[in-house]
Amino acid sequence: MYAVELMNLTRKFGDFTAVNDVTLSIKAGSIYGFLGPNGSGKSTTIRMLCGLLEPTSGKGSVLGFDISKDSEMIKQKIGYMSQRFSLYDDLTVIENLQFYGGMYSLYGSQGKVRIEEMLNLAGLKERQDELVANLSGGWKQRLALGCSILHKPSILFLDEPTGGVDPKSRRMFWDIIYDLALQDTTVMVTTHFMDEAEHCDEIGFIFEGNLIASSSPTYLKQTIPGTLIRIPTDDPMGLLETLEGSTLPYLDIYCSGTGLHLLIETEKLAHITDFHYEKITPALEDVFVYLVKSHRKE
Amino acid sequence: MIKLEHVSKNYGRVLGVNDISLEINQGEIFGLVGPDGAGKTTLIRMIAGILSPTMGAMRVLGAANPEIIKQYLGYVPQKFSLYGELTVQENIFLLGSLYGQDKEEIEERANQILDFTKLLPFKERLADHLSGGMKQKLALAAGLMHRPKLFLLDEPTTGVDPVSRREFWQMLYRLNKEGTTIIVSTPYMDEAELCSRVAFMHNGKVVDCNSPEGLRQSYPYRVLELNAKEPSIKRYLAIPSVMECNKFGDKYHVIVKDGAALAEVKLTLEAAGLISEALKEIPPTLEDVFVALASEVF
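Those sequence lines, one after another, are chains Z and B.
When the letters of the first sequence are read in order and numbered with this note's numbering, they come out as residues 352 to 649.
When the letters of the second sequence are read in order and numbered with this note's numbering, they come out as residues 45 to 342.
Bound-form chain Z, shown alone:
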């Protein structure tokens, strides 16, 4: 059962292709990370999924509804939260929740119960009468999340929700996201934090409008050919220059702190006899650097 299915989705703005032929599917109840640099087409894709922007070609469905034809139906079923939390600074925490509750037509005892739930979820019960202007980023973020799921959406779109928030708040935020996923909410989250993508069940990587990978973090790390090793050294750039001038056959090489990282075909590891090294697990960044470079060669 898929919550999102896209087939050859394309969006052009004049001559510029913002999203190019994207095909992907997201399992219901999973957390899908949509990763890509600024300007790569993340927000354009999300806006099409929310029914805010018409695709130029291709088709897609969200919760079984056609994104071109049934956008009004989709809007009722989704939650959306952006980096600019869109809260009212001069209202209190609970007034913000009441305001959004009103927008979703949640009145009476039903609304009250739901607002109470959101206060507890966001850990804001004790601060419900504080002005939003006085909250720090992490608190605002959790309040904005509360506002966006008041109406119990089946799918939640988070557009760079943790940009600029401190790591501790980020972890608290992810705790809530996991709880939502456990209760069968599908979550699609865009981010440009590589380490954050590790939290997701599946990751799609979009680059210059093209989806160049879509899979689980563990599987993606296995797509890199060869073995990644780390050679500890006080002078990584010096060693890099030495190896660049040598006959050592490597696939990629770069400095990383007090070490040199080398991607090398596994059977050629025997060529490295002069240095002590350790095998390391590639980071997602290694995966994406590899994918982008291969994509460019095509």
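Because the hints were derived from the structure by calculation, they are not lab data.
Fair warning: there could be bad hints in the mix.
Claimed, not checked - Cross-link-like lysine-lysine pairs, in silico, DSS-like; alpha carbons within 30 Å at most:
(1) Lys644/Z / Lys295/B
(2) Lys147/B / Lys648/Z
(3) Lys167/B / Lys519/Z
(4) Lys249/B / Lys123/B
(5) Lys572/Z / Lys310/B
(6) Lys295/B / Lys572/Z
(7) Lys630/Z / Lys301/B
(8) Lys123/B / Lys221/B
(9) Lys463/Z / Lys572/Z
Given chain Z's structure and the hints, the job is docking chain B onto it.
Quick look at chain B alone, frame taken from chain Z:
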């Protein structure tokens, strides 16, 4: 090379930087790491002599008066501040002439730098038409025209694609190898690993300053990695010795106080019928370290 003693900066009633004492040595790649609003930009601007501290004393390159040393200092602000309607080359030439270099000198240096930053093939392109990653490279190139001894970069890699980010850091290593001292700020915890020393910033304060290895060694807790498909693992681990339990895709990171707690987690999981062989101790990430430090300050 740089010495700050009890430096503070307020904006009205808001404390941007709160009582920071810090020494940065020649030849370092020094990282200022922290979330938005931590005080990174304010600190960089004070070191660059653009802002003056409200309190405290600072010396940069031995001088208390920033005007004397500005010619030895390169600064790349967070926001792209070059001219979009000029080409790559025109921007570089303009910067060179602002530093009072003569035409031949400018041309020679511009070629060197455009080659170094791999922008030579794009030298006729308008800056507005560059991707985010290339714009950052151009900003870096412009900041290098006058061969600074001290190079300050404010979040140069935020929102940049992974390949550009990797290339950018390789350039920093190369500059550093050639003798340039580098101070770089970033919101990305994984970039802290790439610095020779890191100041973790939170709410205007430096919560710790050390090498990545030193920071890891001072971490007071132990981190366990658990491979488990069981979605409600947290229920089992709601015991006092477990400080945090974070999900990372198909893995959990469990943070415990000490060795005794480690054994307790193992027993608890076994008692619940969950395989504890899938449990292993891993070194803390720098994000783990930051979260622990930031919690102490609260």
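Structure versus earlier hints - violations, ascending order: When the structure is compared with the hints, numbers 2, 3, 9 turn out to be violated.
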